[in-house]
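**Student:** Below, each chain spelled out in residue letters.
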Amino acid sequence: MAEVAISVKSVSKQFDKFTAVYNLSLEVKAGERFALLGPNGAGKSTTIKMLTTLLRPTSGELQLNGHNVVKDQDAARKSFGIVFQDPSVDTELTAYENMELHAVMYNVPAAVRHQRITELLELVELTERASSLVKTFSGGMKRRLEIARGLLHEPKVLFLDEPTLGLDAQTRNLLWDYVGRLSRDNGMTVFFTTHYLEEAEANADRIAIIDHGKLIALGTAAQLMKQTKTKTLEQAYLALTGTGTRDESVDPHSNWQAIHRSRSMR
Amino acid sequence: MSVLYILWLRQLKRYFRSKSRIIGAIGQPLLFLLALGYGLGSVYKRAGQGNYLEFLVPGVMVQTVLFSAMFFGAMIIFDRQFGFLKETLVAPVSRFKIMFGGALGGATTAVMQGLLVFLIALPLGFRLHHWANAPVALVVLALFAMTVASFSSAIGSIAQDMQGFQAINQFLIFPLYFLSGALYPLTSVPTWLRIIGEVNPVSYTVDALRWALINQTHFGIARDLLVMVAFLLVGIAFGVYRFRRIEA
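As given, the protein sequences belong to chains A and U, one line each in that order. With the first letter of the first sequence counted as 1, position 90 gets the number 518 in our numbering; the numbers rise by one all the way through. With the first letter of the second sequence counted as 1, position 158 gets the number 272 in our numbering; the numbers rise by one all the way through.
Take the hints with a grain of salt, since some may be wrong.
To be verified - Calculated pairs, DSSO-like style, for lysine-lysine (alpha carbon to alpha carbon, straight line, at most 27 Å):
{"hint": "1", "chain 1": "A", "residue 1": "Lys-570", "chain 2": "U", "residue 2": "Lys-133"}
{"hint": "2", "chain 1": "A", "residue 1": "Lys-499", "chain 2": "A", "residue 2": "Lys-563"}
{"hint": "3", "chain 1": "A", "residue 1": "Lys-570", "chain 2": "U", "residue 2": "Lys-127"}
{"hint": "4", "chain 1": "A", "residue 1": "Lys-499", "chain 2": "A", "residue 2": "Lys-570"}
{"hint": "5", "chain 1": "U", "residue 1": "Lys-211", "chain 2": "A", "residue 2": "Lys-584"}
{"hint": "6", "chain 1": "A", "residue 1": "Lys-563", "chain 2": "U", "residue 2": "Lys-127"}
{"hint": "7", "chain 1": "A", "residue 1": "Lys-457", "chain 2": "A", "residue 2": "Lys-437"}
{"hint": "8", "chain 1": "U", "residue 1": "Lys-133", "chain 2": "A", "residue 2": "Lys-563"}
{"hint": "9", "chain 1": "U", "residue 1": "Lys-211", "chain 2": "A", "residue 2": "Lys-506"}
{"hint": "10", "chain 1": "A", "residue 1": "Lys-499", "chain 2": "A", "residue 2": "Lys-437"}
Stated by the list, open to error - Taking beta-carbon pairs under 8 Å as the criterion, some of the chain A residues facing chain U (in silico):
{"hint": "11", "residue": "Leu-482"}
{"hint": "12", "residue": "Ser-516"}
{"hint": "13", "residue": "Ala-538"}
Read the hints as simulated data drawn from the structure, not as lab findings. Even for Gly, the Cβ is constructed at its ideal location relative to N, Cα and C.
If we strip away everything but chain U, and leave its shape as in the complex, we get (with noise of 0.2 Å):
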């Protein structure tokens, strides 16, 4: 058994554990996908847009591997209340594997949350362009929420607190989700939106997504991977700086 492994089961097993999570988080993605999917359906029909439900699923999938894998900075402020983040940094591992094993396990259950949403889209009526992409889907989101997971644990090392992580998840994680290409396309937006749409890499995350699930791109699968793993490498670099300089 090793560290990596034993870290990365400890995240599951606390997933497992927690049914308000599991529950809590599927709550909001079925609101959005019944009050966005249906509500804004008809319009963007008669636009000319098509089926919006289905351009809305793989935005859904996203926010939830966002929010979901963002939990994981979360645990590390608990870890540090409840104590058990000392433990680990008496314990002769390094600070990079300590950060990584327990992204690893948060991203993970972030995942699972993220095809949890793919499940309750089909009956919805949600269908696969082409089954052979799907493994690209998976993929992607699991990229992603390594991704998110890693700025997620600097996060968690900076702030003191659950609020001072809570605020810095509205000024950052909302607007980058609302300000991406989740629930609209960039193409049909004013050019300010769209340029910000550009320079957010949660919009490359949902047209890979797009991609893979309906057979739709923005701005191409290739450059949409290139971004997202520039992005993994940053995130995990940052998060790693940020998780070595904790002192209990």
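Bound-form chain A, shown alone (with noise of 0.2 Å):
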């Protein structure tokens, strides 16, 4: 049996009167690249928070290559890098400084650090912009450049938060491409959440649907379909979520709209 990478047990996320994650339980094993889909608000980022230490669960218990979340914070950190669904580089920093901070945060070793980020920067077609300000690349380049410093200290997991959100055909390739190389050659965990159903298809090999904050299926693409009696993954997704709009935000600083939403819903 596989080893576990991410165990979420029974793990639920309240802001003031608002669930935005209830009782929420999965596992990931180590190796392998599963996908977390679900409509606007469903509690998709609000799960990567969490398990990126980045907000605390209001109850359960979180587990990233066996350490413990929320009480060895540092040991879980070491472990995982990630791609933000905002920005998150220095733009007054140039893009080998982004790096260069990264690697020295993450105590990647002197002797290996110019090498390593020449090869990341080398990867993601940056190197003749190493030394020019991020403030004058394209949402694209900042794009590979978070992606190169996500992968810099070598992490077991990869989280990935929407990561081709606004990026063209050929930047989305390369990203899946290698992505989906370092898992298979060197057992790198993915955990990614994505709008684009023929993404998840394509490059998840368990694909977990939430929605409201619950888990409403979880299984293979074939699975799901089967589950649902559809024939693409979009039909499957739409007949388990509905076809309905949503645009309740569950970001904690906007708050208000959440809360809002959810007393007129009543």
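Both chains are given apart, each in its own frame, so use the hints to dock them into the complex.
**Tutor:** This is the structure we're talking about:
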């Protein structure tokens, strides 16, 4: 039996009166590529934020590579890399400086630091712009830099929160090719969210669908289609989550909307 | 390369790359030195108090360090808005180090701004009384800059946006500065104003700097330094406490 890389046990997250995630349980095996799907405001980002120590769960237990995410934060933090949904690079620094800062914070040995930074910048095709300030980069270039940075400390688990949002087809292919290769060759676990269902179908071994903070389906793309008696993942997804649109925001800072909405729904 | 060093370096790089920040931080103190120094100089002299420009320069240096070091708090808000804060918050580095390394960098740039005011004051006729005391001036500026940078990181952690931060700046930092002994001697003001001045930590910094640069003191250098160190410790504790509670 394969090792467990990510374990979520009965996890809930409450913001004031709004429940973003409710009693969520799932397990991801080491080396697996796992997609978390759901409509806007379903709790995907909140789940990733809890797994990456940015938010504390209200209840339940989270484990990452055998480390308790709440109690053993530093060990958990060393073992994952993340590409956030929104940009998180320092635009007043150069690409190389952003990489270097990351390498030092993650304790990448000085002896291999330069080499690894150079290789990764090469891989995401930013070698020529290594010493340009990031504020001169396009959105796609920034995203490529973030991907390179997320891989710099050779994480066992890579989190990707809507990594291809707003990217052109070339960059999307480059990203999935490379992530797939790392998962095959190095046994890296990949946990991602996306709204592009064909991406999930092509790049995930298993898929979880959540809605209103609750897990509603879990399995391979084929299993989900069989379960819903549909022919494509998109049909299966719509059968499970309905066709109504959502506009909840589950960002803790714009919590008001969510509270307001959950009240008016009663 | 240590984490503290790279976070310190980041602040310095950002400072030197922002010409507007450097130039902007010269404009205001220059205006104070010219308008107040020359405008009130003769009145001050007629009142038998001596050379006002000499009295004013340490006050304006403290002003510059105060406002420059407060900028570190604004950096935390920018980092939150531009997303970089998340990158540091998921790193396997203690929140204390993240805040402390950044504050060291913010304090360093603030001290450089303060020294720039000193250089500007020289052609205006400002002279040191004892060169031997000059190192004390540097220590005073460094202690104060670190205290303010730490407080500002607490404020930057509490305020959700730039407007909130500015409001705190207006209601806390401006009064602290204008109600200190920076612009007028505490010996010749109404009692209520003197009392406010004497419980105001900024007064002790101004006084210590005056001792080091022009050999004048209201409280005595020992008391000044004691108060400053106490506020530094409170500032760091407050900054770390608030910064640890940030959730991205």
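**Student:** Please go over all the hints and tell whether each is borne out by the structure.
**Tutor:** Here is how each hint holds up against the structure:
1. At roughly 24 Å between alpha-carbon atoms, Lys-570(A) and Lys-133(U) fall within 27 Å of each other, so this suggested pair holds.
2. Restraint check for Lys-499(A) and Lys-563(A): the C-alpha separation of about 37 Å exceeds 27 Å, so the hint is violated.
3. For the hint linking Lys-570(A) to Lys-127(U), the alpha-carbon distance of about 20 Å falls within 27 Å, and the restraint holds.
4. Distance check on the hinted pair: Lys-499(A) and Lys-570(A) sit about 33 Å apart at the alpha-carbon level, beyond 27 Å; violated.
5. Of the supplied pair hints, the one linking Lys-211(U) and Lys-584(A) holds, its CA atoms being roughly 25 Å apart against a limit of 27 Å.
6. Restraint check for Lys-563(A) and Lys-127(U): satisfied, since their Cα atoms lie roughly 14 Å apart, inside the 27 Å limit.
7. Pair hint Lys-457(A) plus Lys-437(A) holds up; C-alpha atoms about 14 Å apart against a cutoff of 27 Å.
8. Taken as a hint, the Lys-133(U) and Lys-563(A) pair is honoured in the structure, with Cα atoms around 16 Å apart against an allowance of 27 Å.
9. A distance of roughly 16 Å separates the Cα atoms of Lys-211(U) and Lys-506(A); the hinted pair therefore holds under the 27 Å criterion.
10. This hinted pair checks out: Lys-499(A) and Lys-437(A) have alpha carbons roughly 15 Å apart, not beyond 27 Å.
11. Checking Leu-482(A) against chain U: minimum C-beta separation of about 5 Å stays under 8 Å; hint holds.
12. About 4 Å separates the beta-carbon of Ser-516(A) from the nearest beta-carbon of chain U, less than 8 Å, and the hint is met.
13. Nearest Cβ of chain U to the Cβ of Ala-538(A): about 7 Å, under the 8 Å cut. The hint holds.
Comparing the model with each numbered hint stated earlier shows that hints 2, 4 do not hold.
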